[in-house]
Each structure stands twice: as structure tokens, then as C-alpha cells.
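Please construct the entire structure, taking both the sequences and the accompanying hints into account.
Numbering (my numbering), first residue to last: 342 to 478.
Hints listed in this document are in silico derivations from the structure and should not be mistaken for laboratory results.
It cannot be assumed that every hint is accurate.
[As the list claims (entries may be wrong)] Label pairs and their computed distance ranges (CB to CB): (1) LYS442 / ARG389: 51 to 57 Å; (2) THR372 / GLU437: 28 to 34 Å; (3) HIS449 / HIS418: 31 to 37 Å; (4) ILE358 / ASN422: 41 to 47 Å; (5) GLU459 / GLY366: 58 to 64 Å; (6) ARG408 / ASP373: 21 to 27 Å; (7) HIS449 / PHE414: 25 to 31 Å; (8) ASP373 / ASP420: 18 to 24 Å; (9) ILE359 / ASP395: 29 to 35 Å; (10) ASN400 / LYS442: 34 to 40 Å; (11) ARG389 / LYS413: 43 to 49 Å; (12) THR402 / HIS449: 44 to 50 Å.
Cβ atoms here follow ideal geometry from the backbone N, Cα and C, with glycine treated the same way.
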Amino acid sequence: MYGITTWCLTVAAVNSIIEEASYSGIILPSTDWHTLTHHGNTARITYRVRVQCDIHYFNSTCTKFCRPRDDKFGHYHCDNNGDKMCIGGWRGANCEIAVCKTGCHPIHGKCDQPGGCERTALLKQTNNLILELSTSN
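Take a look at the structure:
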């Protein structure tokens, strides 16, 4: 699990170890530095450490992934918590649904780009065949 950290710090002179310190504990990812002190037989070692998530990973275990995109799979950026924030004109879980212009008919209208509107009109329905006409505004 991320945040549980173990390391060993060795201070050495030429061909000999002066002091060795180890730490095992929980340090959650943040921008904050933590000061640790080791009191050994020969020396006292004070050092600072911090844990940070890799780019595009978020939360206290660095397991929430969010990479900004603006393509057919989504149109969003990520906030400081790794939540998707839709770019203007897009909506949906992955911001993949274009917001049509105001007044676009919810059943007989559609859009592939924000602010657009294509109207479809049912011309003829025979047996299982439906003929539609599409026009753009």
C-alpha cells in the first residue's frame, strides 16, 4: 500500500559505515516535508522526506488516475483531487457528450460538437425500414 514507507539511510566514510538509520511507518502523499531524526551510537542524523503521487495519480494511496484529454474519448481536465472537470460545451461521465445549442429538439435533434444542432425528420416508415432526413442549422 502506498504511504507505508520503509528505507535505510547510511552515512559512510571511506570503506566504513559511520551510522545507519532505518524508518518504517506511514507518510501519506502531500507537498509537506516530514523531519525525521535518528539518534544512533555514533551520530545523530536529521533528514526530511515526503511522498508524492506520480503524475496523473491522486488520493492518499495514489490509485486514482486522471489524465486530461480532449479527444473522442472525452473532453476534460482534472482538479486537485483527480476529479474530471468537463471542458465547456461537454457533459457526461467522461465529458464525451456535446451540449447542443439552446432550442435543439431533444428527440429530433442531435449534435456532435458543442453548440451545434442537426434536425432529423421522419419521412417514411415501411415495414422495418425507416427513412430519415438530416439537416443542419
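Now the hints, each set against the structure:
1. LYS442 / ARG389: 51 to 57 Å: holds, 55 Å
2. THR372 / GLU437: 28 to 34 Å: holds, 32 Å
3. HIS449 / HIS418: 31 to 37 Å: holds, 33 Å
4. ILE358 / ASN422: 41 to 47 Å: Distance hint for ILE358, ASN422 holds at roughly 43 Å.
5. GLU459 / GLY366: 58 to 64 Å: Holds - the Cβ-Cβ distance for GLU459 and GLY366, about 59 Å, lies within 58 to 64 Å.
6. ARG408 / ASP373: 21 to 27 Å: holds, 25 Å
7. HIS449 / PHE414: 25 to 31 Å: holds, 27 Å
8. ASP373 / ASP420: 18 to 24 Å: holds, 20 Å
9. ILE359 / ASP395: 29 to 35 Å: Since ILE359 and ASP395 have Cβ atoms about 34 Å apart, the given range 29 to 35 Å holds.
10. ASN400 / LYS442: 34 to 40 Å: holds, 37 Å
11. ARG389 / LYS413: 43 to 49 Å: holds, 45 Å
12. THR402 / HIS449: 44 to 50 Å: Roughly 47 Å apart at Cβ, these two residues keep to the hinted range, so it holds.
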